[in-house]
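Residue 1 is where the sequence shown starts when you use the working numbering, and the numbers rise one by one after that.
Everything labelled a hint here was simulated from the structure, so no lab data went into it. Errors might be hidden in some of the hints.
[As the list claims (entries may be wrong)] Straight-line distance between alpha carbons at most 27 Å, and here's what the computed DSSO-like set of lysine-lysine pairs gives:
#1 K33 / K192
#2 K52 / K158
#3 K72 / K119
#4 K118 / K156
#5 K298 / K284
#6 K119 / K156
#7 K192 / K164
#8 K52 / K257
#9 K298 / K52
#10 K119 / K52
#11 K158 / K118
#12 K192 / K72
#13 K72 / K189
#14 K52 / K118
#15 K257 / K298
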Amino acid sequence: MFGFFKSGARDAVACDISRAAVKMLAFSYNSEKREFSRLDHQIFAFPEFSDKFNNFTRALAALEAFLNNTAKHLGRRIERVLVSVPDSALLMDVHNFRFIRPNPETTVSSGELAELWKKLEAEAGERLLPEGAPPRAYDLIPAEPEHFSIDGYTVKGKMRRSGKELTIAALVSAWPDEFAEAVETLSQKFPKTNFRILPEAAAIRDYIGFRTHSDFSGIAADIGAEDSTLLLFSNGVFNDCWSFPFGGNDVTRAIAKAFAVSFGDAETLKRQWSQAALDEAAAKLAHTAASRVIEFWKHEWGTLLTTQAETGVIAPEICLMGGGARLPILADAFSDSDWLELFSSGQRSRVWLLPREEGAKPFLQSWPFASGGDEVIFSLVSRMIQQEHAW
Numbered sequence: 001m002f003g004f005f006k007s008g009a010r011d012a013v014a015c016d017i018s019r020a021a022v023k024m025l026a027f028s029y030n031s032e033k034r035e036f037s038r039l040d041h042q043i044f045a046f047p048e049f050s051d052k053f054n055n056f057t058r059a060l061a062a063l064e065a066f067l068n069n070t071a072k073h074l075g076r077r078i079e080r081v082l083v084s085v086p087d088s089a090l091l092m093d094v095h096n097f098r099f100i101r102p103n104p105e106t107t108v109s110s111g112e113l114a115e116l117w118k119k120l121e122a123e124a125g126e127r128l129l130p131e132g133a134p135p136r137a138y139d140l141i142p143a144e145p146e147h148f149s150i151d152g153y154t155v156k157g158k159m160r161r162s163g164k165e166l167t168i169a170a171l172v173s174a175w176p177d178e179f180a181e182a183v184e185t186l187s188q189k190f191p192k193t194n195f196r197i198l199p200e201a202a203a204i205r206d207y208i209g210f211r212t213h214s215d216f217s218g219i220a221a222d223i224g225a226e227d228s229t230l231l232l233f234s235n236g237v238f239n240d241c242w243s244f245p246f247g248g249n250d251v252t253r254a255i256a257k258a259f260a261v262s263f264g265d266a267e268t269l270k271r272q273w274s275q276a277a278l279d280e281a282a283a284k285l286a287h288t289a290a291s292r293v294i295e296f297w298k299h300e301w302g303t304l305l306t307t308q309a310e311t312g313v314i315a316p317e318i319c320l321m322g323g324g325a326r327l328p329i330l331a332d333a334f335s336d337s338d339w340l341e342l343f344s345s346g347q348r349s350r351v352w353l354l355p356r357e358e359g360a361k362p363f364l365q366s367w368p369f370a371s372g373g374d375e376v377i378f379s380l381v382s383r384m385i386q387q388e389h390a391w
């Protein structure tokens, strides 16, 4: 299972770039002893209301300094870096690629899958950008396999089936040229380090798989500071995802306006409210301010999900994650039967917060990040450890 680090302990860095901050974790993992060791970590916050690309270049500058400091002060050379890119900076969609097999009576082999994957990657650009080049130039990010089906039946686990038509569902994404060029410039400064890019949605999808039952159906909402991502699942299969340009900081700004305080003071008030530490009058004011923001979220999400429900069934189960998900009113807000009736297969819902602690312990006992908002970087580390083959 842990073949990624085949020759004992190796050093790696997981880097989660969001709209609001960059989180970095340098670690070592010994595959023989199955031991995780934290080397260093850092969080670098971006200025409020700053440009996406400027934030991305700030994140890469912070990553460069982090790699240099790790080498200088710890005497460690990082071999691999996995970077998650915010969904709001990407074009992305889940596409089904169908292939007719010349020998349907035979079992699908690993070699056949490898050849079909090459064909999929060759077609990915046309699927994502069917009308030709967008107003700005984009580079494809390696596609992420989601699920396989043969003659309409989903295959889970190892591919040991025969059939005529093999369908591969894949998350196809692309990012602006300037983003790709910035990473290429950074990678040239570390020629012995392998850099790989992952869409944030793929990391969230992995985290859902780590922390929920394998047949989860419903909506996963990752609420970040400045944006949010919805992921749609059916019987454990990831079907689609969407990014929205709003998040927990919008609630903070609403509270700041209601209380006539600074953004920082509003963050403190929001945290106290979440911990039931405000008096009744202050809690009521925070609730009123936040409710207006949440109603806007419900409108935007509901409009999109209603359209999706025209072609598929959406289960009335919602799991919340991310730093912006820990608000005391969210469970009630998203349990609204009138809202659920717009798109889901039932009016009664289960709305729950997806924690991390149980999944992190005892394996990652030296985990340095506070729960809430650390799901993506936790997913990156887990993926790097579980990877069976070198990138």
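Hints broken by the structure, by number, lowest first? 2, 3, 7, 10, 14
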